Amino acid sequence: MPNDMILTRRGFAAGLAASALVLALPGRAMALTADQAKTLVDKTVGDINGIINSGKSEGAMLNDFERLFSRYADVPAIARSVLGPAARQASKGQLSAYTKAFQGYISRKYGRRFREFIGGRIEVAEAKAVKSYYEVISTAYLKGESPFEVRWHVSDKSGKSLFFNIIIEGVNMLASERTEMGALLDQRGGDLDRLIADLASL
Amino acid sequence: MGLKNSFMPVRKLAGLAPALALLAGCAGAPGPDGINDPYEASNRKVHGFNRGVDRVLVGPAAKGYGGVVPEPVQRVVGNLADTLDLPGDIANNLLQLRLVDAGENTLRLATNLTFGVGGLFDFSSALGLEGKPTDFGETLHVWGVGEGVYMELPFAGPSTARDTVGMAVDIVLNPVRLALPDKEATAATVMKLFSRLGDRNRYSETVDSILYDSADSYAQARLLYLQNRRFELGQTAAAGEGTGDDGFIDPYEDPYAE
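Residue numbers (numbering that gives the first Met the number 0), protein chains in the order written: chain A, 0 to 201; chain B, 0 to 257.
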């Protein structure tokens, strides 16, 4: 949504007024943001379908997936969480290089798998506020498969609503990638710079 | 099944009592990561063995099966294997006192045996009757048995102490195996093995990515199994429904985050 980026003075004032209203009406604010969370997932799913059905080459599709991922997911938060305790020792420069490498790595890894969605669809059912985040529940219908559940965790802590986790039939992307990244780092004797360099080819 | 036969399961079940006791004895508490794996060292050895078996035997066999056997035939094999599982599912549904599930699976069995021509076609799923697959491990869960330690079994793969006992009970007490003469029971087993090969081939991308593309395939398989199993058993509560594990990991909690 590029028009969201243009922040006019009037828009800014209107935004302030809106946030005042939102603060005054907490219940309403929840409902609004749950809707936003659902909209985010609707858009993500729509874009995924668009990429899959674009008929582009795999390389071009993977680039599109990376763009989609950086637009709808909170990549810095996901990357840091996946790196775990090592993120605390990392310098600012290392962290930003790692985040960039991670974005490519994760887009390629899941982008390749999204090809299994060809001919299938994801239906977004509902969104609700839970603790400090929003959960959007969807069902994936793939060709020749029983339908299965996909949950999206969405937060606006970064300043806009972005998803930070996907849970497929109980299998948690953040947990799985933490295990993977921990093992990759161990294999490199805990050397983050080597991990960053190697992520580009994984 | 005669009266004599119907008593056999009870005797066989009694024989499993020591296994159940063992299960209760070794059920420790899971660590902070929700994983209880005190036998990790030996489990990893079994994992290495399983990977080898998959690489040289099961993987290629599945690929061959998928390449040689036409897809409609594979589907028929899968449907037959699935239908053969239904009596066991229904028995477990009843032991769990889940009568609605038992009803759905019974209806599924009846529909597929009649309109599905003896289980060749999955007529029920076309009607939206997807079935409620279950096993004795789930029955034990319903009865209050904890999952116990994590185990990787030779050939069978990831499991827990509870699910291993469950699997043994399901094999020994399978109603189809007990009801059928030896020859037919063997045919049913072979059918199941072919169906498994079909699954291995159908999900080859997923299986390969876990076994061969991940940095620590043992840890990855363990995590996937435990998470998905707990989800199946309804242990991962839907978000907002109380204190259950809803799978929430907060990536914003790190105090060192900017």
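Rather than coming from a laboratory, the hints here were simulated on the basis of the structure. Do not take every clue at face value.
Unchecked claim - Pairs of lysine-lysine residues, derived as DSSO-like cross-links and limited to a Cα-Cα distance of at most 27 Å, are as follows:
1) LYS62(B) with LYS142(A)
2) LYS142(A) with LYS108(A)
3) LYS156(A) with LYS130(A)
4) LYS159(A) with LYS55(A)
5) LYS44(B) with LYS62(B)
6) LYS142(A) with LYS131(B)
7) LYS91(A) with LYS127(A)
8) LYS191(B) with LYS108(A)
9) LYS99(A) with LYS142(A)
10) LYS130(A) with LYS55(A)
11) LYS127(A) with LYS55(A)
12) LYS44(B) with LYS142(A)
Source: prediction; values computed, not measured.
Hint check results:
no. : hint                     : verdict
1   : LYS62(B) with LYS142(A)  : holds (20 Å)
2   : LYS142(A) with LYS108(A) : holds (21 Å)
3   : LYS156(A) with LYS130(A) : holds (13 Å)
4   : LYS159(A) with LYS55(A)  : violated (30 Å)
5   : LYS44(B) with LYS62(B)   : holds (25 Å)
6   : LYS142(A) with LYS131(B) : holds (20 Å)
7   : LYS91(A) with LYS127(A)  : violated (35 Å)
8   : LYS191(B) with LYS108(A) : violated (32 Å)
9   : LYS99(A) with LYS142(A)  : violated (34 Å)
10  : LYS130(A) with LYS55(A)  : violated (40 Å)
11  : LYS127(A) with LYS55(A)  : violated (35 Å)
12  : LYS44(B) with LYS142(A)  : violated (37 Å)
Taken one by one, the earlier hints fail for this structure at numbers 4, 7, 8, 9, 10, 11, 12, listed in ascending order.
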